[in-house]
Amino acid sequence: MKSKLMSLTKKRLFMPLLCLFIVLIINVIKTPDFFSITIREGVLYGYIIDVINRASELVILAVGMTLCISSSAGTDISVGAVMAVAAAICCSILAGGQVSVTAYQNPYLFAVVMALLVGALCGAFNGFLVAKLNIQPMIATLILYTAGRGIAQLITKGQITYVRVDSYKLLGANIPNVPLPTSVFVAIFVIILAQIILKKTSLGMYIEAVGINSKAARLVGLKSTAIIFATYVICGLCAGIAGLIMSSRIYSADANNIGLLMELDAILAVALGGNSLSGGKFSLIGSVIGAYTIQALTTTLYAMGVSADQIPVYKALVVVIIVSAQSPILKDWIYSKKLKATKIKTIKNEVLA
Amino acid sequence: MVDNIVLSIKHLSKTFPGVKALDNVDFTLREGEIHALMGENGAGKSTLIKTLTGVYPFDNGEIYLKGFEKNIVNKSPEDAQKNGISTVFQEVNLCPNLSVAENLFIGREPKKFGNIDWKTMNKKAVEVLKTLDIEMDVTIALENYSLALQQMVAIARAVDMSAKVLILDEPTSSLDDLEVEKLFSIMKKLKEKGVGIIFVTHFLDQVYAICDRITVLRNGELIGEYAISTLPKVKLVSKMMGKNLDDLADVKINQTNEYKSEVIIKTDQLGVSGSIKPFDITLHKGEVVGLAGLLGSGRSELARAIFGADKPNAGKIEVKGENFIAHTPLDSIKKGMAYLPENRKVEGIIKDLSIRENIILALQARKGFANVISRKEQEKLCNEMVELLKIKTPSIDIPISQLSGGNQQKVILARWLLTSPDFLILDEPTRGIDIGTKTEIQKLVIKLAQEGKSIMFISSEIDEMLRTCNRMAVLRDGEKVSELQENELSQEKIMQTIASGGIK
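Heads up: the sequence lines are chains A and B, in that order.
Here the working numbering is used: the first residue of the first sequence is 1, the next is one more, and so on.
Here the working numbering is used: the first residue of the second sequence is 1, the next is one more, and so on.
Take these hints with a grain of salt, some might be off.
Pairs of lysine-lysine residues, derived as BS3-like cross-links and limited to a Cα-Cα distance of at most 30 Å, are as follows [unchecked claim]:
(1) A:K200 <-> B:K367
(2) A:K132 <-> B:K320
(3) A:K215 <-> B:K345
(4) A:K215 <-> B:K390
(5) B:K376 <-> A:K11
(6) A:K281 <-> B:K130
(7) B:K285 <-> B:K351
(8) B:K164 <-> A:K281
(9) B:K334 <-> A:K281
(10) B:K164 <-> A:K200
(11) A:K132 <-> B:K351
(12) A:K132 <-> B:K316
(13) B:K266 <-> A:K215
(14) A:K281 <-> B:K380
(15) A:K281 <-> B:K367
(16) B:K164 <-> A:K223
(17) B:K266 <-> A:K200
(18) B:K235 <-> B:K10
(19) A:K132 <-> B:K10
(20) A:K315 <-> A:K30
(21) A:K132 <-> B:K392
(22) B:K164 <-> B:K119
(23) A:K199 <-> B:K335
(24) B:K392 <-> A:K281
(25) A:K215 <-> B:K123
(26) A:K200 <-> B:K351
(27) B:K189 <-> A:K199
(28) B:K10 <-> B:K189
(29) B:K320 <-> A:K215
(30) A:K11 <-> B:K266
(31) A:K215 <-> B:K380
(32) A:K11 <-> B:K320
(33) B:K189 <-> A:K223
(34) A:K199 <-> B:K367
(35) B:K119 <-> A:K223
(36) B:K10 <-> A:K223
(37) A:K200 <-> B:K376
(38) A:K281 <-> B:K316
(39) A:K132 <-> B:K335
(40) A:K215 <-> B:K164
Just so you know, these hints were derived from the structure itself, not from any lab.
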């Protein structure tokens with residue numbers, strides 16, 4: 001029994017799952033009806049649904065971020081700003097240059113595809129700087145981090161562009177007669193698609209190989225430049241998707257607020273998922289679990305009546321605990337304490353005997 | 001203490017877990033002497049220097065330094081520097097983005113009213129460099145100068161700070177001939193000033209060009225101290241290798257494979273500037289060609305130039321009669337080449353990936369990422385390889401880092417065999433591997449050659465090469481100096497060629 005438990009704790013996803021579990025337990029204690037789900041007009045409501053719904057953008061960002069971190073041991077801090085750019089592109093195409101519209105001025109699909117393309121293009125820009133010019137990822141992506149929102153402002157001409165069309169709101173809400181919010185399906189779709197690409201092609205293995213030992217990877221014939229570049233493009237694309245969802249929720253492109261500080265949550269999600277920020281081996285599912293953990297935490301704090309501007313403090317506290325619980329140094333320390341304790345015990349026993 | 005002795009080490013011992021790195025070693029350095037510290041890889045040269053300068057603590061022994069009444073213990077390199085022992089390493093450890101003057105005086109800048117007195121500092125910097133006949137603009141950043149000049153700045157700094165003992169650890173490895181000349185003239189100047197210099201190098205010619213004495217270490221033990229005139233090159237080589245030339249037994253196993261005439265690889269003045277001078281080498285089908293030479297003689301560099309691991313910037317290469325240019329290693333792999341790198345940890349294994357992934361990687365890279373090898377196929381291929389090479393592992397799905405060194409090496413071999421190469425470069429395939437596995441790998445090499453593969457075999461152990469090679473190219477100081485045919489292969493001949501620079 002004990003050995004079974006031991007091997008379970010050694011599993012890669014054990015810690016992330018445990019963290020999620022603990023956060024959920026606290027939720028239940030604080031808000032007993034946390035897991036209760038009600039159905040109104042064919043739509044599911046409840047805290048847990050809210051968590052899953054609100055986490056969608058973060059989950060999608062975390063997928064892209066995981067790949068960047070794995071391949072380049074660096075983070076893409078521009079994703080929040082890229083979200084704003086994608087939203088701005090989509091809304092201004094749909095609004096056809098007006099500030100607020102009640103009907104699409106251009107086809108919806110065209111706007112979405114353009115937004116995603118621009119997201120991927122931003123990723124390609126980052127990827128070029130990191131992979132080809134060998135600039136430190138954080139510095140390289142700092143460019144779009146600062147410039148991105150400005151670009152979004154330029155696109156929307158400094159206005160908040162509203163698209164007051166019901167069908168535009170569907171991505172961030174529920175499609176009629178579907179009990180779950182659309183964004184949940186999008187997030188699941190992204191996860192599955194990413195898993196398929198990583199597992200059905202050898203891209204996943206390539207990314208890990210380059211992240212672990214790029215010298216050896218080069219000698220076996222991998223093109224690390226191309227691989228790192230690809231991860232940044234994927235990351236940009238993910239940011240584009242997340243930007244569209246968030247824009248749909250507020251049916252507008254608010255260049256100053258869409259995706260604000262989300263890059264930090266995305267990085268955190270990857271870390272909470274038990275992934276090393278120094279690159280290499282990764283677990284996509286771990287990052288996804290991390291993303292849901294963060295959202296669950298945020299929702300809890302709101303439910304507990306913590307005001308929005310104080311939330312970061314509490315979040316930080318919890319994150320410190322979770323991250324240090326996973327730190328190898330702390331693990332070693334606990335282990336050595338245990339060892340000492342058993343040693344002392346045996347010595348005591350010997351003395352007694 | 002005799003007057004002109006500046007440093008004397010007595011009975012120095014140092015143990016690392018499981019290894020006796022230094023065993024009762026004595027070393028004496030006199031004033032104005034350039035003293036070569038020689039030995040093969042792992043002989044204990046670096047350990048001696050590192051214990052002397054306080055990088056590592058030592059177990060036993062005494063260090064006496066001129067000017068100190070009692071024996072001294074250096075607790076850190078800074079401590080050693082204060083006592084008068086400075087070290088300049090192969091990699092310059094100065095700050096490339098600071099100016100030359102700043103680098104010379106960092107930590108001891110001349111001050112005026114609490115601020116750095118730039119004028120005085122720059123003036124003093126010029127003076128310091130002038131004493132060594134170096135002229136450079138001291139106000140611009142160090143990185144604007146060549147590695148050689150940077151090294152000289154490092155030496156100038158070391159000498160200016162403490163002028164008793166200067167240790168030069170492989171200073172010439174990345175310098176060209178002219179730069180080496182310049183370095184030597186500086187060393188001679190310091191010698192005149194009475195500085196004792198410990199010179200660590202792999203280049204035999206350089207030892208004989210500049211040194212007064214040689215101390216030879218082998219496997220952590222002192223072999224002896226010799227005046228340069230009493231120790232000819234051949235003797236030095238045999239002392240370093242631990243083989244007495246007189247009682248060399250010929251260990252060659254008779255090989256039956258007659259290699260065919262088909263040429264697989266042919267190079268025409270291929271070279272990489274700064275690492276290997278242009279060379280010609282031809283490999284036939286079914287032939288094992290060994291590269292002999294001391295460490296740092298350019299063996300790996302030659303192999304890497306052919307594989308395209310380092311991009312050649314001179315000459316041509318023909319693969320099976322066709323001109324070939326490798327832009328990336330992938331091009332070479334597609335052309336049927338494989339390269340097992342010298343440094344398994346740094347360039348071979350991908351440590352967190354499983355054995356299966358490590359084996360499959362090269363073949364997968366060759367096929368392209370979309371053309372994925374199915375899991376089932378991967379397992380089949382890997383299991384075949386595990387069986388063929390007798391890789392000892394509980395499963396092919398555990399990380400490669402959990403295997404022993406020998407088994408890791410077999411995994412890397414498996415990786416390349418899976419790509420069914422025509423031309424296989426094995427760079428030190430048996431280093432750090434137990435004797436049983438060594439023999440297995442040697443046998444495998446002969447078997448692969450019999451199957452028609454052409455193999456380039458690099459090893460520091462001459463015995464091993466004699467057993468496996470049909471022909472041998474001898475390298476020295478980054479240059480291919482000679483080629484020995486099958487009937488000429490003997491330990492004596494090889495050592496003579498390494499020492500003398502070949503029969504021309």
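Quick rundown of the hints versus the structure:
{"no.": "1", "hint": "A:K200 <-> B:K367", "in the structure": "holds, 14 Å"}
{"no.": "2", "hint": "A:K132 <-> B:K320", "in the structure": "violated, 33 Å"}
{"no.": "3", "hint": "A:K215 <-> B:K345", "in the structure": "holds, 10 Å"}
{"no.": "4", "hint": "A:K215 <-> B:K390", "in the structure": "holds, 27 Å"}
{"no.": "5", "hint": "B:K376 <-> A:K11", "in the structure": "holds, 24 Å"}
{"no.": "6", "hint": "A:K281 <-> B:K130", "in the structure": "violated, 53 Å"}
{"no.": "7", "hint": "B:K285 <-> B:K351", "in the structure": "violated, 34 Å"}
{"no.": "8", "hint": "B:K164 <-> A:K281", "in the structure": "violated, 50 Å"}
{"no.": "9", "hint": "B:K334 <-> A:K281", "in the structure": "holds, 27 Å"}
{"no.": "10", "hint": "B:K164 <-> A:K200", "in the structure": "violated, 65 Å"}
{"no.": "11", "hint": "A:K132 <-> B:K351", "in the structure": "holds, 25 Å"}
{"no.": "12", "hint": "A:K132 <-> B:K316", "in the structure": "holds, 28 Å"}
{"no.": "13", "hint": "B:K266 <-> A:K215", "in the structure": "holds, 26 Å"}
{"no.": "14", "hint": "A:K281 <-> B:K380", "in the structure": "holds, 24 Å"}
{"no.": "15", "hint": "A:K281 <-> B:K367", "in the structure": "holds, 22 Å"}
{"no.": "16", "hint": "B:K164 <-> A:K223", "in the structure": "violated, 50 Å"}
{"no.": "17", "hint": "B:K266 <-> A:K200", "in the structure": "violated, 40 Å"}
{"no.": "18", "hint": "B:K235 <-> B:K10", "in the structure": "holds, 25 Å"}
{"no.": "19", "hint": "A:K132 <-> B:K10", "in the structure": "violated, 53 Å"}
{"no.": "20", "hint": "A:K315 <-> A:K30", "in the structure": "holds, 16 Å"}
{"no.": "21", "hint": "A:K132 <-> B:K392", "in the structure": "violated, 40 Å"}
{"no.": "22", "hint": "B:K164 <-> B:K119", "in the structure": "holds, 28 Å"}
{"no.": "23", "hint": "A:K199 <-> B:K335", "in the structure": "holds, 28 Å"}
{"no.": "24", "hint": "B:K392 <-> A:K281", "in the structure": "holds, 24 Å"}
{"no.": "25", "hint": "A:K215 <-> B:K123", "in the structure": "violated, 44 Å"}
{"no.": "26", "hint": "A:K200 <-> B:K351", "in the structure": "holds, 23 Å"}
{"no.": "27", "hint": "B:K189 <-> A:K199", "in the structure": "violated, 64 Å"}
{"no.": "28", "hint": "B:K10 <-> B:K189", "in the structure": "holds, 29 Å"}
{"no.": "29", "hint": "B:K320 <-> A:K215", "in the structure": "holds, 28 Å"}
{"no.": "30", "hint": "A:K11 <-> B:K266", "in the structure": "violated, 52 Å"}
{"no.": "31", "hint": "A:K215 <-> B:K380", "in the structure": "holds, 27 Å"}
{"no.": "32", "hint": "A:K11 <-> B:K320", "in the structure": "violated, 50 Å"}
{"no.": "33", "hint": "B:K189 <-> A:K223", "in the structure": "violated, 49 Å"}
{"no.": "34", "hint": "A:K199 <-> B:K367", "in the structure": "holds, 16 Å"}
{"no.": "35", "hint": "B:K119 <-> A:K223", "in the structure": "violated, 50 Å"}
{"no.": "36", "hint": "B:K10 <-> A:K223", "in the structure": "violated, 52 Å"}
{"no.": "37", "hint": "A:K200 <-> B:K376", "in the structure": "holds, 13 Å"}
{"no.": "38", "hint": "A:K281 <-> B:K316", "in the structure": "violated, 39 Å"}
{"no.": "39", "hint": "A:K132 <-> B:K335", "in the structure": "holds, 26 Å"}
{"no.": "40", "hint": "A:K215 <-> B:K164", "in the structure": "violated, 41 Å"}
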